[in-house]
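Each residue of the sequence shown is one higher than the one before, counting from 1 in our numbering.
Since the hints were made in silico from the structure, they are not lab data. If you're wondering where the values come from, they're calculated on a predicted model, not measured in any experiment. A portion of the hints provided could be inaccurate.
[What the hints assert, rightly or not] Below, a list of computed lysine-lysine pairs in the PhoX-like style, where the Cα atoms sit at most 20 Å apart: (1) K290 / K203; (2) K499 / K539; (3) K222 / K202.
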Amino acid sequence: MVRDFSIVGQSIPRVEGFDKVTGRAEFTDDIDLHGMVYAKVYCSPVAHGKIKKVDISKAEKYPGVLAVITGDECPKKYSVNDLLPTETALAVDKVRYFGEGISAVAAISEQIASEAVELIEVEIEELPAVVTAQESAEQTDNLIHQEYPNNTNHTAEQIFGDVDDALVRADVVVEETFYTSMVNGGFLEPQSAVADYDPGKKKMTVYNCNQLAHMLQHTVAKTIDMPLDDIRVIIPNVGGGFGGKTEATPSVLITCLLSRKLGRPVKLTYGRDESIFQNKGRHGCHLTLKLGFNNDGTIEALDLNVLLDGGAHSGWGFVVLWFIAALTHLPYTVQNIRYNGRRVYTNKPSPGAQRSFGGVQARTAVESCFDMAAEKLGINPYELRMINAVETGYKAPSVVEVRHAEFKKCLQSVAERSDFVNKHGKLPRGKGIGLAAGHYSSGGAFLLYNSTRAHSTANIRVDTEAGATVFCGVTDIGQGSTTVMTQVAAEVLGIPVRKVNFICQDTLLAPMDNGTMDSRATYGAGHAVKRAAIDAKQKLLEVAGAHLGIRVEQLECKDERIYSIYDDNRFIGFWDSVTMYQDVIGTCFGTGDYTPPQPRGDYPGKIIGPSPAFGFTAQIAEVDVDLQTGLLKVEKYYEATDCGQAINPASVEGQVEGGVVMGLGQALIEEIVVDRKGRVLNPNLHDYKIPTTMDMPEFDSEIVDAYDPTSAYGGKEVGEAPTGPVCAAVMNAVYDAIGVRITDVPITPEKVFRAMNGQHSRDLELETTTIGFANAKYKGD
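Please take these sequences and the hints and turn them into a complete structure.
Okay, here's the thing in structure tokens:
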């Protein structure tokens with residue numbers, strides 16, 4: 001499909017790219033303010049216990065120490081949007097995970113602060129640690145939070161249709177239990193915060209590598225009892241977020257408390273171990289899924305039970321629980337659905353919202369069961385998915401409408417490029433090929449604040465002194481949203497990208513935005529930026545039209561000209577029209593906003609999951625398994641994505657490959673491991689493995705031709721859908737290679753070796769405690 005765009009659809013270099021590759025870009029830890037001091041935290045050496053005594057007297061007297069605080073100085077609990085708040089800046093009365101902060105020191109240097117922390121004396125009455133979700137779910141006495149009986153943080157239930165009847169009608173029913181590991185986001189930049197309290201103005205400026213500037217502003221204001229308008233949040237460059245930086249971490253609140261106490265700026269940057277202790281990564285999850293199919297391949301019913309390992313605190317947990325429900329049935333056309341979910345507290349670092357949150361867990365179970373059903377039905381896994389694939393206009397039983405989908409194109413693309421149909425089930429033993437698919441939302445219907453304001457707002461100023469300057473609150477966390485928004489504004493105004501400035505990530509300057517989460521930036525903020533640019537453009541067209549004697553509707557902007565659509569020789573220079581506007585009226589401003597349609601229907605959890613648009617992905621993994629050692633290698637990976645119009649194709653390719661690699665990390669090697677006492681055994685990048693360039697498979701990806709008419713320029717999500725199906729694609733490929741279905745991740749060589757040698761998971765408990773067991777299903781079982 002040919003689309004007449006000048007800038008949208010072009011792979012222009014990242015507008016911030018030069019600064020990043022040359023080291024000019026400033027990150028939070030680079031900030032150096034006059035009079036700044038440094039903070040360090042005393043971390044709990046146990047995972048669960050009552051705090052009996054905290055003696056800070058020696059630390060306070062240590063030369064160079066300026067202040068020492070404990071949890072008693074800020075006992076207010078907080079959480080995402082104040083829902084189910086359990087967390088405090090520093091532990092109060094009790095510690096609930098290994099590494100939880102108990103006291104914090106501010107000193108004139110990091111070295112002195114670290115030395116002073118060692119002088120803090122803490123007495124803890126250790127309690128038994130609860131380290132697995134199953135163990136936690138059975139507790140009645142050993143509660144992590146006394147106000148939550150049975151350690152239950154939240155439950156969720158959704159029922160559509162008659163599942164029991166549909167399962168009886170189904171010709172084939174498959175059922176299996178899966179486990180997905182708790183993992184860390186592994187962002188290159190650890191959590192860092194700088195707080196600068198001005199005692200004269202009684203105002204606080206916070207610098208933090210966060211994804212949601214305005215929500216962070218709200219959380220800080222409420223937690224430390226300051227008026228909202230006295231808090232300014234500035235987000236410098238962010239070295240990766242992946243969802244793990246959507247919450248206020250204790251580091252932010254600790255620096256605010258110390259800065260207010262001292263009246264000078266305070267910086268706290270976590271070490272890698274502290275960053276993993278705080279985690280905010282992906283939830284570990286146990287899923288039992290039952291799928292029913294008819295002999296013709298159509299799906300009859302889906303029945304899913306979920307037990308989510310919530311770690312020590314609430315955070316995004318309730319949202320993840322509902323997102324698993326929302327991401328289970330699409331991208332397939334199932335009408336009878338039952339979902340039961342429970343999130344329990346454990347004495348482990350708290351997970352949060354990691355890339356494709358809810359999606360990895362849901363797709364791992366569903367896509368594996370699709371292959372199991374395909375085998376029983378005697379239908380190729382590709383054909384089974386094509387039979388059930390959603391198309392444009394599909395309405396789910398929840399009344400969620402898929403307004404645009406090229407999902408079948410994605411399936412066809414990977415199947416053809418990989419020759420899947422001819423390879424599947426026919427490769428030599430040890431070689432396997434596996435297919436999986438998924439989707440993700442382009443922003444949800446819920447607002448993070450109790451407000452009726454728009455979800456995204458953008459302002460634009462056009463003048464001859466600075467060009468076009470866009471003010472928007474969406475945060476660029478490395479995914480390229482600044483470049484995309486710049487392209488959108490430049491396309492509307494018909495000017496080069498280099499003449500568009502983008503100011504964001506500062507609550508004083510940028511209007512309110514729901515933030516960078518839920519893959520909403522391109523779709524939601526893109527709408528707001530486009531509307532703001534159109535508003536400014538319309539004003540300039542009126543001036544140009546009066547000058548040229550041409551009606552406004554007959555004018556267009558392109559190549560820095562405003563010209564007649566019927567005679568492009570009749571024109572005025574774009575910047576000449578800006579000058580005329582300034583001389584007659586003043587500075588040209590435009591504003592725009594966007595709020596997604598509210599979900600229809602009335603069912604539990606309806607505000608989480610429904611979206612104005614969905615991105616789709618289909619993926620195929622080719623693997624090689626060493627039959628002697630169990631060593632698993634992903635040799636080639638195929639992916640096809642429906643992201644609508646690719647605003648910047650190079651950025652899309654980066655997002656797809658990055659998302660797949662994150663999924664491969666969880667599929668093969670990543671897992672936060674704790675012992676029976678809740679101590680984290682791999683709190684660093686030496687022991688916590690993430691993929692490197694040496695682990696990369698050969699990639700073959702395609703952006704399928706698509707254009708979502710509901711979007712600003714046809715684009716929709718691409719940042720999260722590619723991560724969701726990866727574990728299942730690898731699982732299915734391993735089954736094709738060795739004839740044994742492993743149902744938990746990561747798929748380590750030990751698990752593969754044991755599975756090939758006939759050791760069923762129900763008889764095999766690994767020595768490590770929080771990771772799942774080597775669940776295996778054999779052909780013919």
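Status of each hint after checking the structure:
1. Pair hint K290 plus K203 does not hold up; C-alpha atoms about 55 Å apart against a cutoff of 20 Å.
2. The straight-line distance between the Cα atoms of K499 and K539 is roughly 19 Å, inside the 20 Å bound, and the hint therefore holds.
3. Note on K222 and K202: the hinted pairing holds, with a Cα-Cα distance of about 15 Å set against a maximum of 20 Å.
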